[in-house]
Amino acid sequence: MGSSTVVAVFVVAAIGLATAYQCSNNVLTDADRDFILNLHNSARSNVAKGRELNGPSSNTATVPGAKNMYKMVYDCKAEAIIQAYTNKCVYQHSGVNMENLWQGSSWWGVRAALNSAGTGWWGELRKNGVTNDVINSYTFNSAIGHWSMMAWHDATRIGCGVTNCTDSSGNKVTIGSCVYFWGGNMGGRPIWPIGTACASDADCNYYLASTCEVSTGLCKANCVNYASDADCNNYLSQGYCADSSKYAPWVQARCPVACNKCPNNPLKPSDLLQCSDTNTYCPNWKTSGYCDPSSVYYSWMISTCPSTCDVCPALQPSVQPTQPQCIDSDDYCPNWEASGYCDPSSEYYDWMQSNCPLSCGVC
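In mature numbering (1 follows the signal peptide of the UniProt record, and there is no 0), the protein residues as written are -20 to -1, 1 to 343.
Note that these hints are calculated values from the structure, not bench results. Heads up, none of these hints are tricks.
Taking lysine to any residue and the SDA-like style, the derived pairs with C-alpha atoms no more than 20 Å apart in a straight line are: (1) K29 - C192; (2) K241 - P293; (3) K241 - S283.
Quick caveat, the model's predicted, so the values are computed rather than measured.
My request is simple: use the sequences and hints to build the entire structure.
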């Protein structure tokens, strides 16, 4: 991650059509965003299909193929976060999330910086190589740490920033960074599950509602309402999608389309859609104040103890059932009522409740 002076050429396959991202940041153009996104997805596709050469450079073998390798999408929110950080011109990791960092000597154009950063990061594989043991259970290795972030199979969103800076010595430098959501380089987790690239939607089962892009062998984590559209629209109408609502974290995660929160953090099959706690200690933690939004444990608590923390809204039927008409089914009901048949002690009580509700005063 030292200074770079030569722009490497990286052949990027066309993984997607040009996209209008509508990001508020004007440092990167949509073409720049497409470029760095396609660079990542092209490389990830090669991994999935078992076509990516392993290192060192004298090696002619490829890395093993991948199942459940996900196609990334570009995220304007992630870009805004990391662009704000690179604008500080501090060459160190932001701590916002897992990210790759690059610095080039002199001032670079955005596209050249993105190309040098991406090819340099990915080039760690060919230079240093990776073993199957590390692929199956990641152990941090600075020699491949940037590459492994790019290859992390369940990362689905990326955003990048580039800033021309002047360092403390008065030298012109360029700082670039890409941030990945969610996570990566997590010890003991696989960089990817070794296997075969997807050939059908059934092969993509890491996230709910995934589909397979057969041409690339990449899975797509589609932004969908995981709860029913009727329920999601109901939540929306009651204001539960609003960031200010205490129900927002739970509802936004399950209704990203209705809440306009795409791209989203996709849910795994193990993520419960119903409102239930997954740990028996939830009441104890609530007593300790961990359900309070000011608690450092709040984000973890609302996903682990949603019922105890009361962050799941009760569903209100989108269409209220009509009340049945309160009528007697027999003209003699008033007479029977006068004879005491509506009294709970009467042997006719149950029949009267059903057939003479008006006379018995039950509606």
